[in-house]
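**Q** Those sequence lines, one after another, are chains C and X. Start counting at 1 in the first sequence, then tack on 10, and there's your number in this note's numbering. Start counting at 1 in the second sequence, then tack on 34, and there's your number in this note's numbering.
Hints in this document: simulated from the structure, not taken from any laboratory. Do not rely on the hints blindly, as some may be mistaken.
Just some of the chain C residues that point at chain X, by a computed CB distance under 7 Å [to be verified]:
1) 146
2) 147
3) 149
4) 150
5) 153
6) 177
7) 182
8) 193
9) 197
10) 266
Using N, Cα and C, we set each Cβ at its ideal position, and we do this for glycine too.
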Amino acid sequence: MDVRKALLTAAGAGQRTLPLQTIVAGDGRVRTVLRVLLDEVLEAGIEEVAVVVRPGDEPAFVAAAADAASRLHFVPQPEPLGYAHAVHCATDALGGVPFLHLVGDHLFVRAGASGDARELCGMAQRAAACVSAVQPTREHELVRFGAVGGRRVPGEERLYEVQRVLEKPTPTQAEQELHVPGLRAGHYLCFFGMHVWTPSVMDALDARFRSGDPRAVVLSDVLDEVARRERYLALEMRGRRYDLGDRYGLLAAQLAIGLRGRDRERVLDTVLDVLMQRERTRLEGAEPSGDA
Amino acid sequence: MGSRFSEVLTATDPRVRDTSLAELCAPLGVADLLAACDELDAFRARAGNLYERVRATLFLAAIHGYELPRLPELPRAGRLSFTGYEQLLARRYEEAIATFSADLRCAGPSDTTCSALAAAYRGRAFQMLADQVRRSVRSARGNQWMFRVGHPAELPLRIRPELVARGTADAPFPILRERTPVRLDLTHSAWSDIFFLGMDFPEGARVINVSVDLGVRGRDARPEPPIETCLRVIDEPLLRLCSVDLEANVDLHRVAQVFEFARDYLGLLRAGVIAAGLVPPGLEGSGAALAPLLERLCGPGRGLELVTRVRDIPKGSRLAVSTNLLASIIAVCMRATGQTRNLEGPLAEGERRVVASRAILGEWLGGSGGGWQDSGGVWPGLKCIEGRLAQPGDPEFGISRGRLLPDHRILAAPELPDAMLELLQQSLVPLHGGMAQDVGPVLDMVTERYLLRDADAWQGRLRAGEIYDEILAALRAGDLRRLAALTTENFSGPLRAIVPWATNRFTERLIERVRARFGERWLGFCMLGGMAGGGMGMFLDPAEPPSARDALLELLLATKREHERGTPFAMDPVVYDFAIDRDGSAARLATGDDARMAPGYYALVVPDLLRQRAGQLGPARRRELERLGEPGWSGDELRGFLPALFERMLPSRQEARRGDVRSLRELLDLGGFDAELHERIRADLRAGRIGLAQNRLPATTTIEDVRPEDVVLADGELPATWHARGRAALANGEVAVVTLAGGAASRWTRGAGIAKALSPFCRFAGQHRTFLEVHVAKTRRVADELGVAIPHVVTTSLFTHDAIAAHVEETDSFGYRGPLLLSPGRAVGLRMVPTVRDLVFLYEERARQLLDEQAQKVRESLQSALIDWARSAGEGADYVDNLPLQCLHPVGHWFEIPNLLRNGVLADLFDRQPRLRYLLIHNIDTVGADLDPARLGLHVERGAGLTFEVIPRRIDDVGGGLARVDGRPRLLEGLAMPDDETEFRLSHYNTGTTWVDVQRLLEVFGLAREDLRDAVSVGEAVRRLAARVPTYVTVKDVKRRWGRGQEDVFPVAQFEKLWGDMTLLPEFDVQYHVVPRRRGQQLKEPAQLDAFVRDGSAAFIESLCRFA
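Only chain C is shown next, with the shape it has when bound in the complex (with noise of 0.2 Å):
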C-alpha cells in the first residue's frame, strides 16, 4: 500500500486561521504553521495534498505554504457542516486511494530525528491497513479528543488492534468500552490528530452522508464502523501533539518547539526572566493583577 496523498482539514469556524500563524520553527527560521505542517507532510513522501479551506480563504493558504504551495489542492467547503463533513469533500480529491490526513490546527513536536507522519504512513504501508496515531491521555482530557480502546498487537511496542473508536467519551463509557491491557489506570489512546485511512473509511462516510442528516454524521462513528468491519491500527506516537485551538495552545507548541530547537536557550532565558521580574514585583509587594 502506497500513501502518496494527504489531507489538511481548515475550514472549521474556529481553526481555519490557525494554520496562518507564524512561529520560530525547530531551525530558527519564522514560518506559517501550514508551512510547518506541510515540511512534515512532505518529509513523510506525500506528493499532493488536498486542503479543505472555506471558499475564498485559498489565496492566504497559498501565501502561508511559500514554496509548498504547488503541492497544494484545495478543496471548498462550501458550508460548515462540520468535520465530517469536511472530510466528505475530500472525496474525489482523494480518488479513491489511501492517503494521510491531519487536522490543521494541530503542531507536531517529534521525539526523534524522524518525522511522525512518516512513521505513520511506513506502518500503514508495511500493514496495509488504516492507522490511526493516537497518544495514551489522562481521562480528565477526554472531552477533548476522540479514543480507540483496542488490544496491543502482540511483539509489538506500541501498536494496537483497533476495537471501539468513540468521540470525547466520558470516563464512563471509556472505562467501559475503551479499555486497552497494559496501559495506565486512568489513561486512554486518544487520537494525535494523524492518521492514514483506506478509501473504505471513505465510503463508509459517504453511506452515512446518503443517507442521513449531514449534521448529525461523527467521524469516530465512521471509524468505530470500519474498525468492526477491517482491521484497523493505532500507533502511538513518541512525539507530542498541541491543540493550536486551544487556549494558549500556540504558545505552549512554539514553548515545545522552541526548548528543542537551535534557540533552546534563549527561550529558556526568556522564560527565566519573565519568572523573575514576576517573582521581583511580588517581593516588591505589587503583586500584578491577573490580567496585566
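Following the hints, complete the assembly by docking chain X onto the known chain C.
**A** Showing chain X alone in chain C's frame:
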C-alpha cells in the same frame, strides 16, 4: 487441616459443602472443639478463597458463641481484656482475636473469653464481606475513574449543551426530569439479594422483580412513578439540593459540604451527586470550593440545582424507595453530563447497569445498604434478576464465585402473557402495615445462618429456590391462584424457617383477619423486603370490587390499633393502588415555558425567596418568581401552593405546638412531676455540677473484683433442702413477684415510646408472646404446681400504665387466676436538651463501637449536627419539640419499689396475703427469672435482706457489675465507673433480679407495716432514702416522627436513680448469688433474639412457662 471442618470448607460437592456446623460439632467436647478452633484459625490464615476464609471465620464465631458455651464442662467465669475490647470497638478485629486468644491460652477457656472471641470473629467475618463488596463496587468498570479525580481541574465531565440552551438571557434554563418507578419483589427468594449471598451462591440468587407505579388509595387519582428528580443549570456558582417531600433545601458552596451526609435530610441527594461523578468521591477531603468544579462542568458563574420528590411513599415500604431515588438522581445526573447516549427516554441496558452499580456505591457512601435487586425500578416491567458466576475479566473473578451485579432479563410476551400482567394488577394489593423496623439485624442473621448451613435454614433456602421456579412457571401459565399460593407458602415455610424474626404477631394476626374476612376470595400473602410489618402484599380475587381495598385498609387499621401498645408503629397503615411500569426510569427535557419544577417545589422555596430583597435574587430567580404570577401557571406544580405558602410564612404551626405544650403540662401534673427538683437539676446541669462525667466515682476509689467468698455459686444443681424450703415458703403464701414494667423500650425500639412489657418479642408454644405474658406464665406454672395463688405485681409508669392496664383487662389478666396487680408509677421527669459538654463526653470520651469507615463518617457528621442542635436549642432547655409523652422520662427503676409503698399496692398485698415475706423483683427483659423454689430456699436459708442474682460476664454485658468498692462488695452501675477500663476487671454482671425480705426493706425505709396506709409517713420515708441514693444524668435517644413514617433520633438528657444502688446502704444485708446465664440474661435489643433461640435459652424459658 485434616478434620471434617476443612473437608466441608473446601468441598466442591454440595452434599459435603452444605453440612451444618452444628452437625460437625455435635460429637465434640471442649478439648476437641478448641483443637478444631486452632485448626480453623490456621486454615483461615492460609486460605486463598475469600468465602472459605469468611466461612471458617464464622465457624469460629459460632463455636465460641454457641457450641462451647453449650458444654457444661466449660468454666463460666473469666476475665475480659480491656485492650481486646478496645480493639474490638475500633474494628481492629484481627488484633482483638490475637488478644483474646492469648487470654484463652493463658487463663484457660471460659464462657467469658469465648464470648469475646465470638464477637471478634463475627465482626471480622462481616468486615471481610463488606470490604469485598466495597472493592467490587469501586472496581466496577465505569466507576473507577471517580476515585482518581483528585482536583476540580481534573473533572472530566461537561454538561450537555441542551441543558444550557435558552432563547434569551432571562429565559429559564431547561429542566431535565427523570421519573422512576419503585420495585416490588414478587418472589422474595429468601433474601438471596444480599450481596454476600449472591457473590457466594449465585445459583440461588434469583428474584422476580416488578417495576411499579403507585398511588395511595383514597388520595391519588391514579398510580404514577413515585419518584421524580429534576436537574437544571442555575446562574449561581453553587450546588442547590432540594427534597420536596422532606421539605428540605440547601445551597452548597464547598466540596466538603457535599460529603456531609448526615448534616440534614439531603444525604441521599449528596450521595447521588457524588456517585454520578458530578462531585467525584476522589475529591473528598480536597478542601476545594465548588465554584471551579461547577465552572468546569457547566460554565463560568453557573451551578446546578437538583430537586427530588417522592410521592409520599412512607419509609419502610419495602419497595426500595431510597435505592430507586438514588438511582433516579444518578440517572438524571449521568444523562445531563453525557454519560448516557440519550438525554431523554428510557436508558439503554448497559446504562441501567452502571446506574445500578453506582446506586450501590451511593448507598455505601451514604452509610446505608440495600440489596442487588433494589434498583430494579430502573428497568421496565417484570424481570428475572439472577446471580451470575464470575468470569475471567470480572473484578470478582478468582475472589468470589459470583459477580457483584446480577443479570436482568425482562419478562415480556409471549413468555409472559399480557393477560397475566393485567390479572396481577387487579389482584395484588400492596400495603404498608405502618411498622417501624430495622432490618439490618435480620440481614446479618440470614448471612450467618447461610454460612453456617443451619439445617432448617438451609432446607428453607433450597425450597425457596424451588418456589422461585414454580412462581416463574405460574406466571408463564397465567395461573394467578397458584402464584398467590406459592408466595404464601414461601412466607409461612422457608422464610420463617430461615429467620423466625421475619414475621411478627401483627402480621400474623392481619393475615388471619384478612383470610377470615375474604374467605376464598383471599388468594394469598406476599412478604416484601427484609421483614414483615411494613411493606407487604395481599392477593385478592381479581373480581373483587375496588371497595375491597377499602375493607382491607379498615382491617389494617383495626389490627394496628390492637397492637400499637407494644409494637412500634411509625404511622397508620396505607393501601396502594398500583400499576406495572412499562418504561423503567425515563427522562424528558422541559424547555421554555414548560420548564417547571416538581409539584410542591415552589411552595417550599418561595417563602425564603420572598423574604429576600429583590436585589439579592439572581436574574433567573427573579424571573422565576415573576413567572409564578403569569397566566397558565396553575397546573400540578402549584397545587396547594397558596395554603402551603401561608402555612410557612405565618406562625400557625407554632400555635399548634403551644397546644401540645399544654397537654404536656397536664401529663406532668398527672405523672407527679416535681418542678422544683427539675429546676434544681437544670441549674446543676448547666453549671456543670452534674453531668455524664460527674456520674463517675472519683479516680481515687479502689475498685476490685469480688472475692470468691463474696458470692454464692448457685449456677449448678441446687440441694433438695433449699428446694423444699422454697416450696414451703411458696405454699405458705410468703412470696409475691414484682415485674418492673415501667420502661418505654428505649433500647428495644431506639426510643419509639411503647410499653416494652407488651412487645410480642418471641414465639413460645406456637405463637408470639409478650414479655409480660411470659412472666405471668412462669408464675402460673409455679402456682399451679403448688396449688396456691401467688400475687404477681406489675409496676407501671406514666408511659406504660394505660397500655398495660388495657391489655391486662382485654386478656383477662392473661387468664391468670392469682392476683395480678398493677402498681402505677408516681414519678416522672421532663427531658432536657443535653449540654454540649455531655454530648462531647458521650461521643468522644466514652468507648464506643467504631462503625464501618463510611458509616463512621456519616455518624460523625450526624454527631456534629446534633451538637449544633443542642447549642441552638439551648443546653438544659426543656425538650418539648415532640409528642408530649416523648418529652417525658421515667426516673429510673429505683422508684418503682418505693412506689409500691406509696401507691398502696404493698399494703393491699399484705391485706390479701398477711404472711407475705419475700418479693422476687425482676426487670421486664430478664425473661429467665422465675420463682425457682431452690433459689428462694437459698435466699431464705441465708437470711439476707436483699439477694441480687449475678451472672459471669460476657463481652456484651456492659454497663456495670459486681465490685468491691473500697473493700465492700456492691453493685456498681456503669455510669459510676471512674473509667471504661474498670468494668473489665469485674467478672460478674448484675441481672437485675432481686429477692427481697419485705420486713427488712420496710425497716430500711424506717417504716412498719401499719405505716403503709399513712401517705405522709411513706412519702417522707421515700424522700429520705432517695436522698441517700445517687442520681445519674444520662443521655438517651428519643425518636421524633414526622412526615410519612420519617423518624429522627435526638439525644436528650434525663436523670435516674437505679435499684442496684440499694447495695450501697450499709444497713442492708446484701448477698450475691451467681446464677446460670439463661436465668439472668436480659434481652435489651431485638438483635439478641437469634442467639437467644440458638443457644437454647428460648426453649428453657418455654419450659418454665404455662400459658393459658
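**Q** All hints are to be evaluated individually against the structure, with a verdict given for each.
**A** Evaluated hints:
1. 146: Cβ of residue 146(C) sits 15 Å from chain X, so the hint is violated.
2. 147: Residue 147(C) check fails; min Cβ-Cβ to chain X is 11 Å, beyond 7 Å.
3. 149: holds, 5 Å
4. 150: With a minimum Cβ separation of about 4 Å from chain X (threshold 7 Å), the hint on residue 150(C) holds.
5. 153: holds, 5 Å
6. 177: Violated. Min distance 11 Å.
7. 182: holds, 4 Å
8. 193: The hint is violated - residue 193(C) has no Cβ within 7 Å of chain X, the shortest such distance being about 13 Å.
9. 197: violated, 10 Å
10. 266: violated, 21 Å
Comparing the model with each earlier hint shows violations of hints 1, 2, 6, 8, 9, 10; every other hint is respected.
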